[in-house]
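Chemist: Those protein sequence lines, which keep their order, are chains A and B.
Mapping of the first sequence onto my numbering: residues 95 to 378, in sequence order.
Mapping of the second sequence onto my numbering: residues 95 to 378, in sequence order.
FYI, nobody ran anything at the bench for these hints, they're computed from the structure.
Careful: at least some of the hints might be erroneous.
Copies of the same chain look alike in the list, so a pair counts if it works inside one copy or between any two.
[Unchecked claim] Here are the simulated BS3-like pairs of lysine-lysine, each with C-alpha atoms no more than 25 Å apart in a straight line:
#1 K250 x K125
#2 K344 x K372
#3 K303 x K277
#4 K131 x K372
#5 K372 x K160
#6 K346 x K277
#7 K354 x K303
#8 K304 x K354
#9 K124 x K251
#10 K136 x K311
#11 K304 x K124
#12 K160 x K304
#13 K279 x K203
#14 K219 x K250
#15 K372 x K354
2 protein chains.
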Amino acid sequence: MSTKKENREAVPLEEREYHSPSSGIFFKVKKILYRDKSDYQKIEVIENECFGRVLLLDDLVQTTEKDEFFYHEMLVHPALVSHPSPQNILLIGGGDGGALKEILRWPIKYACLVEIDQQVIDVSKEYFPWLLPSLEDDRTELIIADGSEFIEKTGKKFDIVFIDSSDPAGPSVSLHESDFYEKLKSCLNRRGIAVSQAGSPFYHLESIKKKDAFLEKLFKNVCFYTSPVPTYPGGSWCFVFLSDEVQPLKIKRGPPRGLKYFNLNIHEAAFSLPNFLKDLGSGD
Amino acid sequence: MSTKKENREAVPLEEREYHSPSSGIFFKVKKILYRDKSDYQKIEVIENECFGRVLLLDDLVQTTEKDEFFYHEMLVHPALVSHPSPQNILLIGGGDGGALKEILRWPIKYACLVEIDQQVIDVSKEYFPWLLPSLEDDRTELIIADGSEFIEKTGKKFDIVFIDSSDPAGPSVSLHESDFYEKLKSCLNRRGIAVSQAGSPFYHLESIKKKDAFLEKLFKNVCFYTSPVPTYPGGSWCFVFLSDEVQPLKIKRGPPRGLKYFNLNIHEAAFSLPNFLKDLGSGD
Numbered sequence: 095m096s097t098k099k100e101n102r103e104a105v106p107l108e109e110r111e112y113h114s115p116s117s118g119i120f121f122k123v124k125k126i127l128y129r130d131k132s133d134y135q136k137i138e139v140i141e142n143e144c145f146g147r148v149l150l151l152d153d154l155v156q157t158t159e160k161d162e163f164f165y166h167e168m169l170v171h172p173a174l175v176s177h178p179s180p181q182n183i184l185l186i187g188g189g190d191g192g193a194l195k196e197i198l199r200w201p202i203k204y205a206c207l208v209e210i211d212q213q214v215i216d217v218s219k220e221y222f223p224w225l226l227p228s229l230e231d232d233r234t235e236l237i238i239a240d241g242s243e244f245i246e247k248t249g250k251k252f253d254i255v256f257i258d259s260s261d262p263a264g265p266s267v268s269l270h271e272s273d274f275y276e277k278l279k280s281c282l283n284r285r286g287i288a289v290s291q292a293g294s295p296f297y298h299l300e301s302i303k304k305k306d307a308f309l310e311k312l313f314k315n316v317c318f319y320t321s322p323v324p325t326y327p328g329g330s331w332c333f334v335f336l337s338d339e340v341q342p343l344k345i346k347r348g349p350p351r352g353l354k355y356f357n358l359n360i361h362e363a364a365f366s367l368p369n370f371l372k373d374l375g376s377g378d
Numbered sequence: 095m096s097t098k099k100e101n102r103e104a105v106p107l108e109e110r111e112y113h114s115p116s117s118g119i120f121f122k123v124k125k126i127l128y129r130d131k132s133d134y135q136k137i138e139v140i141e142n143e144c145f146g147r148v149l150l151l152d153d154l155v156q157t158t159e160k161d162e163f164f165y166h167e168m169l170v171h172p173a174l175v176s177h178p179s180p181q182n183i184l185l186i187g188g189g190d191g192g193a194l195k196e197i198l199r200w201p202i203k204y205a206c207l208v209e210i211d212q213q214v215i216d217v218s219k220e221y222f223p224w225l226l227p228s229l230e231d232d233r234t235e236l237i238i239a240d241g242s243e244f245i246e247k248t249g250k251k252f253d254i255v256f257i258d259s260s261d262p263a264g265p266s267v268s269l270h271e272s273d274f275y276e277k278l279k280s281c282l283n284r285r286g287i288a289v290s291q292a293g294s295p296f297y298h299l300e301s302i303k304k305k306d307a308f309l310e311k312l313f314k315n316v317c318f319y320t321s322p323v324p325t326y327p328g329g330s331w332c333f334v335f336l337s338d339e340v341q342p343l344k345i346k347r348g349p350p351r352g353l354k355y356f357n358l359n360i361h362e363a364a365f366s367l368p369n370f371l372k373d374l375g376s377g378d
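So that you can see chain A by itself, here it is in the shape it has in the complex (with noise of 0.2 Å):
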């Protein structure tokens, strides 16, 4: 986003593109829950009426109770509608368990999920209802790890691997790197499949631009689809589906019962590009 700052050249990058200072969400706070600083960032839990417990990390809403299902359903759903037989998943990030418990709806054989902050697994347990169930599932192994060094040393391969991080500032930074993408490619079996958070299509559309072009080097499809998630700045959010041998747009077989938000004509729907974001990927 070009903004007319004053100030620009003091400013770092990743501080004017991922912060807009300007314009915002704002939640009334009913209650603050949990507020601590871990070895890795500040974490919160609030209250607030309309939205129920909200989980942020340095200050940036992660989920809410009323609203994730926008998020977590369009982050793992595409994928394992496309993938021709899914059963080994990992999770990178994601410690609050929503996109854990969306792979869990399939019919899969295992699920790692690798967050590198254990409190906020520890929080998220305690605050949101679906994150203890779902590591408590035998097909869940939790491990507490950075997510660019797991990939690195782990000898397993995986058919998708999810990539749930938060924005690239703090402790997520190497996930949004090229570095991390070729490694993370290595960890992907031959029809293998990686899904990340993209950034908001509205305010962070130049880092999206430079994540395309680094991407389209290493995955011959390079699919970027789109979602409302209603507590993400602008209202909508990026995602990016990335294979070299499988296409989204190649379903497989239809969604679990019991979702709110994804199903087959959405996920059609969501990999139709506007004019602005036309020019990104390479896969359709």
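Since the structure of chain A is provided, determine the placement of chain B on it from the hints.
Modeler: Chain B only, in chain A's frame:
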């Protein structure tokens, strides 16, 4: 949106639904450019660093320089690509001129803008650069009148009517009622289409369902569609496409050049509804 307000019974329905005081969008005011109370409503234009000039009526954001294209392109172009030969267009509300600008991109014969509040026109002429050239276009007629009274009295018939109203509080209340749509139908040519903004799918779901119920008694095709609008609460918005003869997914022609958001893939995608909206509409 069901919110557990202690004072629920004391708050009129419209206020409960159309304000969500516990969350929302904030704009830092760089400068107040205009602030007055007209015969109908409070009118303000502020300058914001990210969104440029922002028009507010009775404290609700109507349009901004930077993101107006999402809403105005998505209000106008779906009907114009679907109608077999649109010539005479009526626009009720929309005194800021954003929708009129989009209508005039098409080779139509006549565009009639009916706005209740002359002061909105005067203010928009001064602060939003697209209004004046649109009013000076030979095809435009501006009528200052109540939209509901206008459609009752005019003998004219139109191919497409757009209802670019503010929310159902203040001067727009009558534009959200069954009576209005009954009268509206009598102003439509046989293959006519009406399109109206219908509120936030997240915040206003109950009122959208009520509107759907009476619209389905009046029109054969009642097709809801959605679009991101960064500066509206929840970040995405509902529109409804109404017609007895025309179906929105039977596309008649491509859009004009120069659009930032709309294209034919987006047109089709917009009519794909998420599960929580799926029981709306009759036409698909």
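Chemist: Take the hints in turn and mark each one as holding or not.
Modeler: To see whether the hints hold, each was checked on the structure:
In this assembly of identical chains, the alpha carbons of K250 and K125 never lie at most 25 Å apart, being 43 Å within a copy and 56 Å across copies at closest. In the homo-oligomer, the alpha carbons of K344 and K372 lie at most 25 Å apart both inside one protomer (20 Å) and across protomers (23 Å), since each shortest distance falls under that limit. Taking the closest pair of Cα atoms, K303 and K277 come within 25 Å of each other only inside a single copy of the chain (21 Å); across copies the shortest separation is 48 Å, beyond that limit. Taking the closest pair of Cα atoms, K131 and K372 never come within 25 Å of each other, the shortest separation being 40 Å inside a single copy and 42 Å across copies.
In this assembly of identical chains, K372 and K160 lie within 25 Å of each other by CA distance solely across copies; the values are 19 Å between and 31 Å within a copy. In this assembly of identical chains, the alpha carbons of K346 and K277 never lie at most 25 Å apart, being 27 Å within a copy and 48 Å across copies at closest. When the C-alpha separation of K354 and K303 is checked against a cutoff of 25 Å, the pair qualifies only between copies, where the shortest distance is 16 Å, while the shortest distance within a copy is 30 Å. With identical chains, the CA atoms of K304 and K354 are at most 25 Å apart between copies only, with a shortest distance of 20 Å across copies and 32 Å within one.
Taking the shortest Cα distances, K124 and K251 never come within 25 Å of each other, neither inside one copy (45 Å) nor across copies (52 Å). In the homo-oligomer, the alpha carbons of K136 and K311 never lie at most 25 Å apart, since the shortest distance is 35 Å inside one protomer and 53 Å across protomers. Within a single copy, K304 and K124 get their C-alpha atoms no closer than 39 Å, and across copies no closer than 30 Å, so neither meets the 25 Å cut-off. In this assembly of identical chains, the alpha carbons of K160 and K304 lie at most 25 Å apart only when taken from different copies (22 Å versus 32 Å within one copy).
For a Cα distance limit of 25 Å, the shortest separation of K279 from K203 inside one copy, 21 Å, qualifies, whereas the shortest one across copies, 56 Å, does not. Taking the shortest alpha-carbon separations for K219 and K250, neither the intra-copy value of 27 Å nor the inter-copy value of 63 Å comes in at or below 25 Å. Proximity of K372 to K354 under the C-alpha cut-off of 25 Å is restricted to the inter-copy arrangement: shortest distance 10 Å between copies versus 28 Å within a copy.
Hints 1, 4, 6, 9, 10, 11, 14, counting from the list given before, are not met by this structure.
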